[in-house]
Amino acid sequence: MRTWNVLLHGGDYNPGQWLESPEILREDVSLMKQAGCNAFSVGIFDWERLEPEEGRYELDWLAGIIDRLYENGIYTILATPSGARPGWMAEKYPEVMRVNEYGQRDRFSGRHNHCYTSPVYREKVRMMNRALSERFGRHPGVLLWHISNEYGGECHCELCQAAFRAWLRARYGTLENLNRAYWSSFWSHSYASWDQITSPLARVGETAHHTLVLDWKRFVTDQTADFMRAEKEAIRAFSDLPVTTNMMGFYDGLNYGKFRDVCDVISWDNYPHWHNGDEALPARTAMTHDMMRGLKPDEPFLMMESSPSATNWVDVAKLRRPGMHMLASLQAVAHGSDSVLYFQWRKGRGGCEKFHGAVVGHDGTANTRVFRDVAAVGERLKALQGLVGSAFPARVAVVHDMENRWALEEMKGLRNIQHQKGYMEDVLAMYRPFFRAGVNVDVVDMEADFSRYSLVVAPMLYMLRAGAAEKLARFVEQGGTLVGTGWTGIVDENDLCFLGSVPGQGLDTVFGLTETEIDALYDGDRNSLSLTPENGLPFLRRSYEVRELCQLVETTTARTLGVYGSDFYAGTPALTVNTYGRGRAYFLACRTEQPFLDQFLGYLSRTLGLRCLDVDLPEGVSLNERRDADGRAYYFFQNFSDHPAEVTLPAPLSEAETGQPCEGALHLPAYGVKVLTER
Amino acid sequence: MRTWNVLLHGGDYNPGQWLESPEILREDVSLMKQAGCNAFSVGIFDWERLEPEEGRYELDWLAGIIDRLYENGIYTILATPSGARPGWMAEKYPEVMRVNEYGQRDRFSGRHNHCYTSPVYREKVRMMNRALSERFGRHPGVLLWHISNEYGGECHCELCQAAFRAWLRARYGTLENLNRAYWSSFWSHSYASWDQITSPLARVGETAHHTLVLDWKRFVTDQTADFMRAEKEAIRAFSDLPVTTNMMGFYDGLNYGKFRDVCDVISWDNYPHWHNGDEALPARTAMTHDMMRGLKPDEPFLMMESSPSATNWVDVAKLRRPGMHMLASLQAVAHGSDSVLYFQWRKGRGGCEKFHGAVVGHDGTANTRVFRDVAAVGERLKALQGLVGSAFPARVAVVHDMENRWALEEMKGLRNIQHQKGYMEDVLAMYRPFFRAGVNVDVVDMEADFSRYSLVVAPMLYMLRAGAAEKLARFVEQGGTLVGTGWTGIVDENDLCFLGSVPGQGLDTVFGLTETEIDALYDGDRNSLSLTPENGLPFLRRSYEVRELCQLVETTTARTLGVYGSDFYAGTPALTVNTYGRGRAYFLACRTEQPFLDQFLGYLSRTLGLRCLDVDLPEGVSLNERRDADGRAYYFFQNFSDHPAEVTLPAPLSEAETGQPCEGALHLPAYGVKVLTER
Amino acid sequence: MRTWNVLLHGGDYNPGQWLESPEILREDVSLMKQAGCNAFSVGIFDWERLEPEEGRYELDWLAGIIDRLYENGIYTILATPSGARPGWMAEKYPEVMRVNEYGQRDRFSGRHNHCYTSPVYREKVRMMNRALSERFGRHPGVLLWHISNEYGGECHCELCQAAFRAWLRARYGTLENLNRAYWSSFWSHSYASWDQITSPLARVGETAHHTLVLDWKRFVTDQTADFMRAEKEAIRAFSDLPVTTNMMGFYDGLNYGKFRDVCDVISWDNYPHWHNGDEALPARTAMTHDMMRGLKPDEPFLMMESSPSATNWVDVAKLRRPGMHMLASLQAVAHGSDSVLYFQWRKGRGGCEKFHGAVVGHDGTANTRVFRDVAAVGERLKALQGLVGSAFPARVAVVHDMENRWALEEMKGLRNIQHQKGYMEDVLAMYRPFFRAGVNVDVVDMEADFSRYSLVVAPMLYMLRAGAAEKLARFVEQGGTLVGTGWTGIVDENDLCFLGSVPGQGLDTVFGLTETEIDALYDGDRNSLSLTPENGLPFLRRSYEVRELCQLVETTTARTLGVYGSDFYAGTPALTVNTYGRGRAYFLACRTEQPFLDQFLGYLSRTLGLRCLDVDLPEGVSLNERRDADGRAYYFFQNFSDHPAEVTLPAPLSEAETGQPCEGALHLPAYGVKVLTER
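Chains S, H and Y supply the protein sequences, listed in that same order.
Quick note on this note's numbering: the first sequence kicks off at 1 and runs consecutively.
Quick note on this note's numbering: the second sequence kicks off at 680 and runs consecutively.
Quick note on this note's numbering: the third sequence kicks off at 1359 and runs consecutively.
The shape of chain S in the complex, shown without the other chains (with noise of 0.2 Å):
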């Protein structure tokens, strides 16, 4: 749904805070076009301006920027101000507040601290949306609602305990489904009324059932959605622009699937602490890009927030090196992003973000080396233009799911120290082999339409649920290849295990096996996979490290392609394949290491066809694809390391922006990225 013809450049702009300084708002337009920005977020916390009493709204002067900056060609994508509430109504209606998980209620302070489910706060959030609607639902300036700002948190007051026990009521019907549901016979813990029922309070509220925890995370995500849905329910009143909001890629707060349908546009607000010495941080970032994206796959996304130069609030600010700027930005572009936007456009003078990076620092000038890094993405942006609306092309998916990500943080077991289950360490890990092979990827939720894909990577699915195992024997008795872990299929989705022959739901039919007993190794332990001479695949090794979790399977049908190497289930299997259908189904009972993967996978984005381009990157060197409307290229070459980098081209290709053509081999800069279409 989308509303925009030109790739978005600008950001954040927050004019309240210099209305007492009107040669400022006018520097911003001058200094705005300067710098090549065509879009900018207005009024994301301006509640206390536009209704400084109750009931009395003020938006003349909002009108007043609106115009200014449509005058000036420049769009709004105008924010709901629900972020943070002025004092007036903190004081005179404390439910608004959050109250936290040690049952205290927040005074009047900071942001993203109000109540979603409290009937004020939802009715002042109304008729203010209501109100900004009717003023500029239909101004040919705006382009998009951003709805509040980046929605989190939860509160445990009573109207919102209330709510959870309606929501539970709703999702069980009666209670001894809910008890059976949560084994709640365990620890004489059943619920013999919906009141002894209470949110996982801090100290004093249930942890130890895991299943309450999950659906209290469940619902702190419904309700925050049905907050989302409301607020969009306002303004459709007198607008029917397209609304988003700001998201945060892998933050667990939220499962962000359930905004899928409230989002006309998905957006999101992208902080990678670039140059801090993490060699994967192109690759996670990149695949944050994907999994935003992957809420609407077949639809372009914003960044709507980046910082365009050191972000104040991360341990260490440090600069970006020079081209840094440009790449990041184009990496966005090169996901599928229409937009670069930045928080944020002008540095304010006070509060806890005024060394935050932003176009325009306390100096008020053009003249920084920043202000340049960001003018030199709007000229590029502009050269680009064909980008707008395109595609991204993934025939791979990478599954990772928030209620399975959830569940395995819950849950005790394997090892509970460190990065947890490393969950997130196994997504990234199975990621970063197709980042480094120029391989497009969705990374998607077990909701996904898998049937689309080719290969869907699939680690440690602990929990199945949404139909996904019969969507994946499916998947593969049709053709497509599947990459599975140990630690899979144990529980449904209630968090209840699955009792007979794991992976559950039929899955070891697929895989052609049983999962025993799992071992979880010490950090200093560890066990090698051994490749069996005779398995077909061409590594490099015979032999990769294995470290934290080791599968103990029984095969069936399953072929075994590598055996663990030593203690008591040496010889047993730690890789198998098994033909099921038309396809093929790989079990990676061990966490290995990430030289293994690269070659596992890459060798699947090989014989599989899946790679951008037919072409090997250097290391540090990323390839990704967008296709036009009318079935046009774009290939982005993107170079994350300090050093020069080539790369040789399979094809005559032309350079994007200026129709050179380019053939042999590309030469990137340290940081360089350059776009390249079919001629």
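These aren't lab readings, by the way, just hints derived from the structure by calculation.
The C-beta atom is built at its ideal place from N, Cα and C for all residues, glycine as well.
Treat the hints loosely; a few may be bogus.
Which residues of chain S face chain H? A few of them, derived with a C-beta cut under 8 Å, are [stated by the list, open to error]: (1) Gln196; (2) Leu201; (3) Ala208; (4) His210; (5) Ser501.
With chain S held as given, fit chains H and Y onto it using these hints.
Relative to the frame of chain S, chains H and Y by itself:
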């Protein structure tokens, strides 16, 4: 007060979780017999099923279980269900729930979180226990009462505050006495009324008065023991069967010494983290058995819980290597257990312990490595029935005193970092030489009768109470050998410093020295214990590393065996011996390395003739002895290393299980255990 | 306002703990004389004995103590007992107890936990102080009032909330002004009524508004100083003796600068962790003396507490090595103290400080190493009486400003990890070169009169307040030498960023440059400071390591002395100097290694003639100078190393204690200290 005449094999059985699946309950009995099991704990968390509504008792289902077990030759250890209460009780009587140290009352949740003072809870428990006793207290299948479960924790509600004040009033009689004992003139802190006293609430209560904190811990212990006494009394209305409660080894929330009298039988739950790389772990586990048994050193104890495979709540749930389950099980028997009992029989489908090791897994079959391991233990226990009720003859006591430990942890001084004062580490370090040397040890507190031992090792007896000084003096005088260490004899039972020469209460005379200053070293600091050539002890090295603590002493009658090697107190005594009466008192002033302790205490073991057999054991192999009523000795050779070991037997013996003669070299496989008897 | 004419030797005396043991009280006086003591602080925590029931004052016992001391030639420093209150007061008036940041009110417990606002507490203190003053305010044995004890902490009760709002109203006049100062338009956070403001309560209060947090800290300081002022006023009814309160060095809960006026004498409690392996510890201790004395740089101060041996509450209670007690005691005198006072005279038998070092231990004798060490200090102080009241002439100021520190700790940016912004580390790093070079230093805040110094070193002056910029400009203009560093001059006193060129308020002109971006490095990152060959400074190396922070600058009139060695800003200025008026302003843009600072500031010390004597000191040896009213200089040579050292004297001097001539080589044993005077 033994009511069993077989070694017990079985564990926690939770049929209440499977009442909806009668086929599983039937299958259980069949599998139990297949696994060689003969005893199960039943009813532990079944309150909601035993009294589903207030006053309505439903015991028939339980009768059915007990009857069926009995009909199949399986005994019941019957639990009272007070470890958790049903929802209706928490809802109707909030006072049964605990108030935490932050002053918040628990919601209906968790387990082990009831108030020990609440008259309502005590009454509900009384009625429940009475009902169980009336129905099952003379059932021929019931062996023993399992009172509640793993007592622990504390409650800070107003009822407990009042009980604490009453406890103080009973202890001190007058406020004057209390103020004197608390040295409360310090910081103007005398109590002018009993109501000014509160528990050491977190953040807002008194924590600077160490004697108050100590008294609170004593009160918690006494109140918990009193609660158990009330549970027992309710049972006694209809049943004379012995009672036990499952303890938790060195758990520091309770002083288990105060449960000696209320328990007819000692039992405990043993969860060592096998294969975690801690080389002291086998000795630590042995020591814990010896401490628990030390509560009633003349009687066998029961290992009430242990995991038949991985434990799910530990940092790393590593699988037991082949042999380890047998070794861990027979280690308990070697140290005086008449049972090998597991938590749990069958894995539940949900809840926070669904992945805890169990005899029967979610697959529900006997066809697993774990089940076979368990069945093998069943076989072997059957062959060792002669051991039932046999004694554990020990002539060495290592002193571990909980009140001393509390006082040390509370005190400010020495080293306030890391492992605090290192008391537990010292106790273990002193125990390990006996583990290595094949010496039976009792681990006892200061209440013990030392006169039954030949050697008493008492590290860091900071607090002298229970007549310990006098008992130790008499022990040495009458020919005993005592080993003490620095920071001994500093305070009385109220944590008040002795004035004058220390160690106090005459221990300075026993050791023949006065403690002056004590030097605490930083982690990187080192000194040395330099042995004087003429000391007559056959040590391998002249010098051993010293770290952390260096007590400076001035000898009076003691002879110096070793001196400090460096720093300003170089040359002053670090190891001394004093002849006192017919015995000798050694004083080790410094904290030194394990090899020194191994040699020093190994030397005493040999020269005092304390070893089970006159044999030198290879590293990793331990030896214990049990002796039956006829004086027949059983020798348990236990190999805790992951490689085979060989022991040269000092005399011809025979295998206890087969009667086969055994002499010369005894071969032990990795993790192997052999039980020999005198021919 | 000095009322003593001897160097004071003694400490905290708590006879109230021993009133039941008159023989111990008698023994005390005899031992005091034996130890060469002449002054004791009395009454610090004696409220319960001075007012055992509300309104009933019992001062006779105290009179007895003071009289007895006086009769034996020992002075009393008389304390007000407000550091702790009796039980009856806490019970009857709960408002006197503090409410913590979690909103919980303390029960009767602890110390230093009363509300500074409570009218009841203020009134009780007033009456108590008045009674003490009436009885003892003109006693010839009383030298000084010791007001309360180690003021600190904060209270969040409703009385304090109201006082805070009143304080804000007084500071800002209108909410408009406050909102402007707080930049509260950020996150829609303007206050529409004073009642919307609360203290930064943990979890539920406002912590994102850094200016509010800063104002809260300012309020806590002002309220505490006001409390002390009230205590003083009550005393003034009958006594004109000077008052002091014992401060805690760099304790960051209070801005001690605001106590300058209410204190007639500065005193502080000095607890360095000697022998902890920190090579900077001697300098750190010296710096703390210089900061405390810097509050009144023209007058001697008192070391009110110090440990005569190990401190019990530190991580590791290591004993003082022989010589260290003397060295630590005379270091205080060298830096301007007129006293060596201890906590505590005699160890109590109970409570949490029973193992804190004391002159007399639990053995109660003079026959200990500690007692002999103390007596030796007594001897030596007697021989140094000429020092009483002498000055500490300093021509160097190192700036440490508490409000700047608070603002830096609160701000988000640069590096948010580990030692936060590294401010204290920078201050110490800048101080150490003077410690090494034998230079007397005043450590002062921005309120200081810089015109009295020749060299001012002001690292990281992030916040400019109190006219600092203007004073520093004038200082340089009139010939002073200024050294500043990166991240200087960023915000005003409200933590609002300067717009335009920074460092702000004209400091850009003084330094001749503009700060642009600042690069924060990860822990492993390194850059270098590469000195330009023609810079004219005699450095040993061409290049020094740079870590953590790299301020990028553009010079205007400054001359570049050194540049960055690598990264994208290689070759840009890292060290500059600017001639401004008759003086010079150096700017060190990066954080670099100690050796560079030692050489750079050592060079300035030599060329500006700032050293006490023209002498090069060996590593570990420090030199200070005091000068009496007749202009006679005393030189303290202090050897903090654990080996002997030798100094070549630049001129013939004599030993202050014996008058013996001393020239050529001065030998200092390990931990030795010698005091020389001009002949």
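Here's how the hints hold up against the structure:
no., hint, verdict
1, Gln196, "holds, 4 Å"
2, Leu201, "holds, 7 Å"
3, Ala208, "holds, 4 Å"
4, His210, "holds, 6 Å"
5, Ser501, "holds, 7 Å"
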